[in-house]
Amino acid sequence: MATISLCLVVKDESKNLKNFLPTIKPLVDEIVVVDTGSSDSTMKFCEDFGCKVFSYVLVDKWISGARNFCLSKASGDWVLVLDPDERISVKDFLRVKELIDNSVKEVVGYFLVQRQYSNDTGVSGWRSSTSDDYPESKCANGWYDNPIIRLFRNLTGVSFVGEGHETVDSSLKVLGKVIMSDIPIHHFGEINRSPSKSVRYINFLTNELSNPSRVDKFFIHYQLASEFLGLKDYSNAEKHLRVSLELNPEFVKSLNSLGSLFLINKGYKAAEKLFLKSLNINPSFDAFNNLGIIYSDTGNFVKALKKFEKAVNILPDNADVYFNVGVVFQRMGKLSKAQPLFVKAVELNPSYKEKVDIG
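Throughout, my numbering is defined as the position within the sequence shown, counted from one, plus 187.
To be clear, the hints were calculated from the coordinates, so they are not data collected in a lab.
A couple of the hints might just be wrong.
[Said to hold, decoys possible] Cβ-Cβ distance ranges computed for the label pairs, FRET-style:
no., residue 1, residue 2, range
1, Val361, Arg429, 31 to 37 angstroms
2, Ala457, Asp320, 29 to 35 angstroms
3, Thr190, Pro382, 39 to 45 angstroms
4, Asn398, Lys426, 18 to 24 angstroms
5, Leu463, Thr343, 45 to 51 angstroms
6, Lys212, Thr485, 52 to 58 angstroms
7, Arg429, Thr354, 40 to 46 angstroms
[Stated by the list, open to error] In silico DSSO-like links for lysine-lysine, alpha-carbon gap of 27 angstroms or less:
no., residue 1, residue 2
8, Lys521, Lys493
9, Lys360, Lys284
10, Lys453, Lys490
11, Lys231, Lys212
12, Lys284, Lys325
13, Lys205, Lys292
14, Lys384, Lys426
15, Lys426, Lys456
16, Lys540, Lys453
17, Lys212, Lys198
18, Lys198, Lys292
19, Lys497, Lys426
20, Lys198, Lys239
21, Lys453, Lys464
22, Lys384, Lys360
23, Lys212, Lys325
24, Lys419, Lys456
25, Lys542, Lys419
26, Lys460, Lys404
27, Lys384, Lys205
28, Lys325, Lys278
29, Lys239, Lys205
30, Lys521, Lys490
The structure presented is a predicted model; accordingly, all values stated were derived computationally and were not measured.
Note that CB positions come from ideal geometry on N, CA and C, so glycine has one too.
Let the hints inform the model, and build the full structure from the sequences given.
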C-alpha cells in the first residue's frame, strides 16, 4: 500500500493546527512541517504531536522555497500538500487511498477541487451549500471551485514555483500524466480573512510581477485586482484588470471582472461589450447573469429573461439568478411570479432575507 507524506508550511498557526492535525492524521503516514518563523507555540505543538518539524528562513518572503524544502524532507511515496485552514473530509479518506493505490505508473499527480467557502454570491462560479452533503460546507452559504494539484508522487524534479498561489504544475506535467479528481479540499481561509492578510498577499503578488520567469503576469494582475475588489479599492482593481487584458485580451476572468466593475458604476454599455466578448470566448454563468442584470436595469425585460435562463442552466443552484429573475418580474408588475423566485433565492442563500420581503 502506497504511503503519503503530508507537507505543511506554517507560521503562527497553533490555533488552526490544534483542530487540523488530529483530523488529518489518520489519512497520512507522516506529517512534515516547515515553520517560517512562528512566535507562538506552533513548533512545540507540532513536535509534541509527532510531526517532523524544521525551521526555514524565507528569502524575500517567497513561500515557494519553503514548500520545496518541505518536499525534500518527505519520505512517502505520495505527497499531499495542505494549509492549516484546509481540510480533506474524513468521508473522502478512503477515496484518496484508493486513488493512489490504483494509480498506473504514468499518472504522477491529481487535481483536487479546492472549495473556497464564501458568503459572497457575486464571486465567479459561486454555488449554494444548501443541499450539499459535506458537513464542512455548512460554514458558509456557498463556495466556488478551484482545481489545484495537491496530491502527487514524491519524484525527483518536482518543485513549486510562483508566489501566493505556488504550484507544481509545470514541473510535474513533464514527468507524466496529471488526472482530474472530484475530491474536494475544504478551504476556510476566505470566510475568516482579515484585511491585513489581503495586504500581505498583495505585497506577495506585487513582488511576483518582477519575477522574470513568470509568463502568466496577466493572471497575477487578475489576482491583484481580486484582492483590491475585496478591499473595495475599485480604482486599483480597474487598473490591474486593464493591464491583465492588455497582456491577454481573451482572458475571460478579467473580462468578466472588469465588466462587473463597470456594472457596479452603472457603466452599462462598457460592461455589455466586455460580457459579450466573454461569451464569444467561453459562455459562462457570470457573463449571462450580468448581461441579464444590464438588460433588466435598462428595461429590456424579455432580453434579460433569456440571459437569466441561460445562466440558470449553467448553475441551477445559484441564488443570484433566482433573485435577479424575481426582480425582472417585480419590475414588470408580475408579483405572483416574483414571489416564489425570491423564496427560492432565500432557500439557496439565507442572506437574501435582508433584500426581499417574502411575507
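Okay, the hints, checked on the actual structure:
With their beta carbons about 34 angstroms apart, valine 361 and arginine 429 fall inside the hinted range of 31 to 37 angstroms. Roughly 41 angstroms separates the CB atoms of alanine 457 and aspartate 320, a value that falls outside the hinted 29 to 35 angstroms. The hinted window of 39 to 45 angstroms between threonine 190 and proline 382 holds, with their beta carbons roughly 41 angstroms apart. Take asparagine 398 and lysine 426: their Cβ atoms lie about 20 angstroms apart, and the range 18 to 24 angstroms holds.
Roughly 48 angstroms separates the CB atoms of leucine 463 and threonine 343, a value that falls within the hinted 45 to 51 angstroms. Separated by about 56 angstroms at the C-beta atoms, lysine 212 and threonine 485 satisfy the suggested range of 52 to 58 angstroms. Between arginine 429 and threonine 354 the Cβ separation comes to about 25 angstroms, which falls outside the hinted range of 40 to 46 angstroms. Taking the CA atoms of lysine 521 and lysine 493, the gap is about 17 angstroms. The hint holds against a cut of 27 angstroms.
Between the alpha carbons of lysine 360 and lysine 284 the distance comes to roughly 22 angstroms, so the proposed pair stays at or under 27 angstroms and holds. Restraint check: the Cα-Cα separation between lysine 453 and lysine 490 comes to about 18 angstroms, which is no more than 27 angstroms; the hinted pair holds. Restraint check for lysine 231 and lysine 212: satisfied, since their Cα atoms lie roughly 17 angstroms apart, inside the 27 angstroms limit. With a CA separation close to 25 angstroms, the supplied pair lysine 284 and lysine 325 stays within the 27 angstroms bound.
At most 27 angstroms may separate the alpha-carbon atoms for a hinted pair to count; lysine 205 and lysine 292 exceed this at roughly 36 angstroms. A distance of roughly 21 angstroms separates the Cα atoms of lysine 384 and lysine 426; the hinted pair therefore holds under the 27 angstroms criterion. At roughly 19 angstroms between alpha-carbon atoms, lysine 426 and lysine 456 fall within 27 angstroms of each other, so this suggested pair holds. Note on lysine 540 and lysine 453: the hinted pairing holds, with a Cα-Cα distance of about 25 angstroms set against a maximum of 27 angstroms.
Taking the CA atoms of lysine 212 and lysine 198, the gap is about 20 angstroms. The hint holds against a cut of 27 angstroms. Straight-line distance between C-alpha atoms of lysine 198 and lysine 292 comes to about 35 angstroms, which puts the hinted pair past the 27 angstroms bound. Annotation: proposed proximity of lysine 497 to lysine 426 is violated, straight-line Cα distance about 31 angstroms (limit 27 angstroms). A threshold of 27 angstroms between alpha carbons decides the hint, and for lysine 198 with lysine 239 the separation of about 15 angstroms falls inside it, so the pair holds.
A C-alpha spacing of about 18 angstroms is found between lysine 453 and lysine 464, which places the hinted pair at or below 27 angstroms, so the restraint holds. Our distance criterion of 27 angstroms between C-alpha atoms is broken by lysine 384 and lysine 360, whose separation comes to about 31 angstroms. With a C-alpha separation of about 23 angstroms, the suggested pairing of lysine 212 with lysine 325 holds against the 27 angstroms cut-off. Proximity of lysine 419 to lysine 456 is assessed by CA-CA distance (about 22 angstroms); at most 27 angstroms being required, the pair is judged to hold.
Taking the CA atoms of lysine 542 and lysine 419, the gap is near 21 angstroms; set against the 27 angstroms cutoff, the hint holds. As the CA atoms of lysine 460 and lysine 404 are separated by approximately 24 angstroms, the hinted pair is consistent with the 27 angstroms bound. Straight-line distance between C-alpha atoms of lysine 384 and lysine 205 comes to about 21 angstroms, which keeps the hinted pair within the 27 angstroms bound. For the hint pairing lysine 325 with lysine 278, the CA-to-CA distance comes to about 15 angstroms; that is within 27 angstroms, so the pair holds.
Between lysine 239 and lysine 205 the alpha-carbon distance is near 16 angstroms, which keeps this suggested pair within the 27 angstroms criterion. For the hint pairing lysine 521 with lysine 490, the CA-to-CA distance comes to about 17 angstroms; that is within 27 angstroms, so the pair holds.
This entry does not satisfy hints 2, 7, 13, 18, 19, 22, going by the numbered hints stated previously.
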